[in-house]
Structure formats: structure tokens, C-alpha cells
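A.B. asks: Here the protein sequences line up with chains A and B, keeping their order. Using the working numbering, the first residue of the first sequence is number 1, and each one after it goes up by one. Using the working numbering, the first residue of the second sequence is number 1, and each one after it goes up by one.
To be clear, the hints were calculated from the coordinates, so they are not data collected in a lab. Mixed in with the good hints there might be a few duds.
You can't tell identical chains apart in this list, so a pair holds if it fits in one copy or across any two.
[Unchecked claim] Listed next, the in silico SDA-like pairs over lysine to any residue satisfying Cα-Cα at most 25 angstroms (straight line): (1) Lys160 with Asp122; (2) Lys132 with Ile89; (3) Lys160 with Thr179; (4) Lys35 with Thr45; (5) Lys160 with Val203; (6) Lys214 with Ser23; (7) Lys160 with Gly143; (8) Lys214 with Phe267; (9) Lys160 with Asp96; (10) Lys132 with Glu285; (11) Lys160 with Gly304; (12) Lys132 with Asp264; (13) Lys269 with Arg174; (14) Lys177 with Gly238; (15) Lys160 with Val97; (16) Lys160 with Gly181; (17) Lys177 with Gly57; (18) Lys90 with Leu284; (19) Lys193 with Thr223; (20) Lys177 with Asp166.
Number of protein chains: 2
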Amino acid sequence: MTNVLAIGGYSDSDHAALEREFSPIFVGNSEDVAKLPDDQRQQITALGFMGHHPFGGPEMDLLPNLGVIANYGVGYDAIDVAAANARGIKVTNTPDVLNDDVADLAVALLIAQGREMLAASDWVTSGNWGEKGSFRLARKISGGRAGIVGLGRIGRVIAKRLAAFDMEIHYTSRSEKETPGWTYHADPVSLAKTVDYLIVALVGGPETENFVSKEVIAALGPTGILVNISRGSTVDEGALLDALESGAIAGAGLDVFLNEPKIDPRFLKLDNVVLQPHQGSATLETRQAMGQLQRDNISAFLAGNALLTPVN
Amino acid sequence: MTNVLAIGGYSDSDHAALEREFSPIFVGNSEDVAKLPDDQRQQITALGFMGHHPFGGPEMDLLPNLGVIANYGVGYDAIDVAAANARGIKVTNTPDVLNDDVADLAVALLIAQGREMLAASDWVTSGNWGEKGSFRLARKISGGRAGIVGLGRIGRVIAKRLAAFDMEIHYTSRSEKETPGWTYHADPVSLAKTVDYLIVALVGGPETENFVSKEVIAALGPTGILVNISRGSTVDEGALLDALESGAIAGAGLDVFLNEPKIDPRFLKLDNVVLQPHQGSATLETRQAMGQLQRDNISAFLAGNALLTPVN
Numbered sequence: 001m002t003n004v005l006a007i008g009g010y011s012d013s014d015h016a017a018l019e020r021e022f023s024p025i026f027v028g029n030s031e032d033v034a035k036l037p038d039d040q041r042q043q044i045t046a047l048g049f050m051g052h053h054p055f056g057g058p059e060m061d062l063l064p065n066l067g068v069i070a071n072y073g074v075g076y077d078a079i080d081v082a083a084a085n086a087r088g089i090k091v092t093n094t095p096d097v098l099n100d101d102v103a104d105l106a107v108a109l110l111i112a113q114g115r116e117m118l119a120a121s122d123w124v125t126s127g128n129w130g131e132k133g134s135f136r137l138a139r140k141i142s143g144g145r146a147g148i149v150g151l152g153r154i155g156r157v158i159a160k161r162l163a164a165f166d167m168e169i170h171y172t173s174r175s176e177k178e179t180p181g182w183t184y185h186a187d188p189v190s191l192a193k194t195v196d197y198l199i200v201a202l203v204g205g206p207e208t209e210n211f212v213s214k215e216v217i218a219a220l221g222p223t224g225i226l227v228n229i230s231r232g233s234t235v236d237e238g239a240l241l242d243a244l245e246s247g248a249i250a251g252a253g254l255d256v257f258l259n260e261p262k263i264d265p266r267f268l269k270l271d272n273v274v275l276q277p278h279q280g281s282a283t284l285e286t287r288q289a290m291g292q293l294q295r296d297n298i299s300a301f302l303a304g305n306a307l308l309t310p311v312n
Numbered sequence: 001m002t003n004v005l006a007i008g009g010y011s012d013s014d015h016a017a018l019e020r021e022f023s024p025i026f027v028g029n030s031e032d033v034a035k036l037p038d039d040q041r042q043q044i045t046a047l048g049f050m051g052h053h054p055f056g057g058p059e060m061d062l063l064p065n066l067g068v069i070a071n072y073g074v075g076y077d078a079i080d081v082a083a084a085n086a087r088g089i090k091v092t093n094t095p096d097v098l099n100d101d102v103a104d105l106a107v108a109l110l111i112a113q114g115r116e117m118l119a120a121s122d123w124v125t126s127g128n129w130g131e132k133g134s135f136r137l138a139r140k141i142s143g144g145r146a147g148i149v150g151l152g153r154i155g156r157v158i159a160k161r162l163a164a165f166d167m168e169i170h171y172t173s174r175s176e177k178e179t180p181g182w183t184y185h186a187d188p189v190s191l192a193k194t195v196d197y198l199i200v201a202l203v204g205g206p207e208t209e210n211f212v213s214k215e216v217i218a219a220l221g222p223t224g225i226l227v228n229i230s231r232g233s234t235v236d237e238g239a240l241l242d243a244l245e246s247g248a249i250a251g252a253g254l255d256v257f258l259n260e261p262k263i264d265p266r267f268l269k270l271d272n273v274v275l276q277p278h279q280g281s282a283t284l285e286t287r288q289a290m291g292q293l294q295r296d297n298i299s300a301f302l303a304g305n306a307l308l309t310p311v312n
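Next up, chain A with everything else stripped away, as it sits in the complex (with noise of 0.2 angstroms):
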């Protein structure tokens, strides 16, 4: 009987290189867990997890014996990590293998909003090109001020991005960091003030819940663009579609959003916004590199030896 429960719903090369591995029981999500028999339950050591379906102390004691949760992803945020201590449980993550798709998507988020690439586009598609003549000016983006709301290991890829696109940079972060020639703001709402574009790449959970607060997109002000490829939990979202309706800031860029993916349906009203599916990482390569990691936590953990990428 396998000792290894994968939750998630995989690609088919991840699925069938878990399969391969580990002949693991798949459910779809943390609420399925319920739904094993004990004698199941009680065999698992190793969990993969994927997914924003919450999984905190409740689904953990269904599993009594689990030793690890492997997250597919960088971001953890749907894993109670407290209540994983509390049972010492290990909770590994995939992070780096990402970084630099996310900051692709960030740069190319900026980019396409400021200079209105989707309605370009649909000028050219729908004939208007030819019909009526160029399309309206749009506004430049390299040589103004970004602003990183968060500077960890993506944020810093983004920002050395940016940076060749002659912008002056900007951040926020628990502390100040090394950084060369970056100035820190310990405050968000000055940070928002000085700059032209704000890129939010937080991590998530409760701790950075709405830090992208009502008051910080306020200070962005009327020319400000916002981006998020963070978790639409660090962005308060009704202050931001307020900001959006009213032009109380110029545009955003989001590929994250509350209550994904049935997202608030005011955000597809808007005509200064470009909208992703929450594909930051989704690359065959990078999504490759995740899942490929995820199962070599998972390896190490069953074979007794050290996690690859420890969060707790």
C-alpha cells in the first residue's frame, strides 16, 4: 500500500511521473482527504500538494502519520504551516525555478497596459486600422519610476529586469537590503508616492493581506499603474477596482485576484486593465522544474534525507 497522497489536479507528465514514482492515491482536493478510508489515511507519510484549497489542522489530522507536505509552488499560503509545526510535519515549497517566468509576466504586464497593447490589437483585428486611421497615443514606460512592493527572490528578479529599461528602483521590504543603487522605503505609502508603476510581489497569506492597502493605491495617484503577480490577497481588491472605475489610478496589470478563478466580475468592465489567469509560472519548462522538484522533496523525505527546500 502506498504511503504517498497526491492532492491536485496535475498536468498529465506530472501526474504520470508521480504515478511512476510513487504510485500515489490522487485526489482533487484537501476536502477529499474525508473521503479515504482510515486504513488509507493512516498509511501516508508523504503528501503532495497543489492547489489554494486550505489545508491547515483539520486535514492534517486526518493524515496521522504524515511526515512532509511537498507544495507545488512557491507560494504556500494554502497550508497552515503553524499548525504543520505544531504536528512536525516539514512543509517544502518550489521556489526559484519560477522567478524568472513571473518576472517575465510582470514586465510584459507593465508594458502592455501602459502602451494599451490589447486595444492595439483589437484596432488592427477589427479593421478600424484600416478604416480609420492609427490607433491613439499611449504613454512611455521605460525611464519612469517602479516601485516593488516586496523584495524577495522574485521581486529582485523583476527589479534587475526593469532596471534595463532605464528605471529608476524603488522598494519596500521588512528591512533594507543590499541591493545596487535600489532605494528602500519603509513605508508603502511613500514608496507609492514616488513612483509611477508599483509591482506587487509579496508573498502571501494573512501577514500581507491587503498591504496594498486603500491608502497606498490612493498615493499611487491618477497616473500610477499598479501590477500584481503576487496573490490578489495582498491587494485590497475593492479599493482597487474603486481606483480603476474611477481613474483615481491610471491602470493595472493583474495576474492574481481574489476568489480565483470566479473573479470579481467588475474587473471585466474595465478597459484599463490586462487581466491574466494566474499563469506567472504556467511555462512547460517551469512547471516541468516545479513538479520536478516537488517530487525530489518527496524522494528525500521517504529515503531519510535532507528536504531540498525546507519552509518550516
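Here the structure of chain A is known, so what remains is to put chain B in place on it, guided by the hints.
C.D. replies: Okay, now just chain B, sitting in the frame of chain A:
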């Protein structure tokens, strides 16, 4: 009576500035020059030119006292410079002020195409995300090999940006240049074979017509992406359309086309392209700077001073 003629569809602010500085005669395009009364044409010594309709020897001969053609834009392929030389007419353009905008768009076109951002946006706005689940995986863009075709002012800025995406930079150009570790290819087919992405940043005109030939496109191969922000004429457009339709290359991000704005309708049926309405320099900031530089060249000529950005 004015001695300045302004050809083109100027923005309101450029029109007003031209009016204020020169009180010129305004006409829509090159063909309208012949309709002007003879005495008006005799007076013209300076021409502010904007547009893609050819302005050659016959048009110049309608303005026998013309001394300068101040082009709005870096690309002056609509103007027959040899014919201007033969008549002692100086030509100026507006280089450098648009490099950043064009490079920004080139980078965004590459990422938007590779990451399927338009289709992903449609996935959100159509409600498919909420109803059908995740969007398909795309491909990683950073870390690939980029090939710049034409390492002039704009090509260099593009290369600098892409280097910050951890890309290996390759290029072809009339001659090898001093570069920070970038690799020169004398042969564009060799360049296309080597790289994942080909970014065309050539000057326009007869010398570069179909420089990106059927053979170059074939060498780019089925995983290659082509980006063109130069002129439609630099790429064999029929071969490009064939390759996009057959999958001989993966996709394209295109800001320029033959017969703009009435582009080949085959482009509109493709799902592996991102199309823009020639808006490389179409930002308020840059168009303002281009208009200023055009007018400064006219003023310099009228005052008998050295031209700021002469072409010939």
C-alpha cells in the same frame, strides 16, 4: 507668404506647434503637392514631412526652391534621398528620441507572443477561467537566445533589454560591432539557425527589402518567434505568412506590415501572432519629442544654422 510646407496627418499638438512657429501650408500627403498653386510652390524652402507615401524626384521638382526635408520619424524610406542629393536638398530625421519606446514594444511583443497573453486575457474576460479552469501552458521566454537583425540605435537598446532577461545575444549587421559579449553572425541564415527569437530592427528602404528572406524564416524553425518593429518591407511577408500558417515557425509579434494600414487579411486569421498598428513610437512623450526635433531642424535650416540630425 509662408516658405514652409507641412505634409502629413499631424496630431493636434504638433499641428498647433507647426502653426505657431512657421504658419505653414498644410497638406495631407505627397500627392497633394501638385494641387498647390504655382506661386505657393515656388516659395517653399522647407518641408516638414510625415507619412509613408513616397516623396521622390517628381514631387521635389514641384518645389524648385526646396532646401530641406525634415522627416518626422527615424525611418525616412518614403523619401528618395538620392533624388534629394541630386537636387542639393538636405534631409533630416528624428533619431534616438524613439529608441526606448520601440525597444519596449519589441520586448513586450516577444513575451506577449510566447506567453500567449492575448489568448490568456480572452480566457479571463470570456469567463472561461471560472467555467473551464486553467489556461493551457505557454513557453518560457527569458533565458533563450535572441538574434537582433540590424544592430543600429534601436537594435542596441533592444539587445540591452533582452540581456536583462538572461538571454544570449546574437546579431547580424553590415559589420561586426563593439559589443559586450554579443555574438556576430555575418550570415542572417546562420543567425536564425542559432537563435530562438529573431528581432528585426533594420532600417527600411530598397537595400533591406526582404532581408529576412524565406531562407532566414525557414532557418528560424518551428520553435522560433519572429518580432518585427522595423518596416514591413524588411521581411518577405508572403514567406512569413506561409510559415505562420504552416507552423514552420512558432509565432510572430508584428508592429509593421506591407501596405499599412490595409494589411494582408491572412494575418487576421492567425492565432500565433500579436499584431500592433505600427505604434513603436506612438506615445505622447515620444511623439512630442519627435515633433520638437522635426521643428528644430526646420528652424535651424531657416536660420542658416547647422542641421541637428541630418541624413545626407
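A.B. asks: Decide, hint by hint, whether the structure agrees.
C.D. replies: Hints, one by one, checked against the model:
1. Lys160 with Asp122: neither (31 angstroms within a copy, 30 angstroms between copies)
2. Lys132 with Ile89: neither (63 angstroms within a copy, 34 angstroms between copies)
3. Lys160 with Thr179: both (10 angstroms within a copy, 20 angstroms between copies)
4. Lys35 with Thr45: within (17 angstroms within a copy, 87 angstroms between copies)
5. Lys160 with Val203: within (19 angstroms within a copy, 30 angstroms between copies)
6. Lys214 with Ser23: This pair counts as neither: shortest intra-copy Cα distance 48 angstroms, inter-copy 49 angstroms.
7. Lys160 with Gly143: Answer is both; intra-copy 14 angstroms and inter-copy 14 angstroms each pass.
8. Lys214 with Phe267: within (17 angstroms within a copy, 43 angstroms between copies)
9. Lys160 with Asp96: Both: 15 angstroms inside a chain and 24 angstroms across chains, each within 25 angstroms.
10. Lys132 with Glu285: The answer is between: 23 angstroms across copies meets 25 angstroms, while 42 angstroms in one copy does not.
11. Lys160 with Gly304: Neither: 38 angstroms inside a chain and 46 angstroms across chains, both beyond 25 angstroms.
12. Lys132 with Asp264: The answer is between: 16 angstroms across copies meets 25 angstroms, while 34 angstroms in one copy does not.
13. Lys269 with Arg174: neither (35 angstroms within a copy, 49 angstroms between copies)
14. Lys177 with Gly238: Neither. Shortest intra-copy (31 angstroms) and inter-copy (52 angstroms) distances fail the 25 angstroms Cα cut-off.
15. Lys160 with Val97: both (17 angstroms within a copy, 24 angstroms between copies)
16. Lys160 with Gly181: This pair counts as both: shortest intra-copy Cα distance 11 angstroms, inter-copy 19 angstroms.
17. Lys177 with Gly57: So Lys177 and Gly57 fail the 25 angstroms test inside a copy (35 angstroms) and across (62 angstroms) alike.
18. Lys90 with Leu284: Neither: 28 angstroms inside a chain and 54 angstroms across chains, both beyond 25 angstroms.
19. Lys193 with Thr223: within (11 angstroms within a copy, 43 angstroms between copies)
20. Lys177 with Asp166: Both: 21 angstroms inside a copy, 23 angstroms across copies.
Hint check: violations occur at hints 1, 2, 6, 11, 13, 14, 17 and 18; the rest are consistent with the structure.
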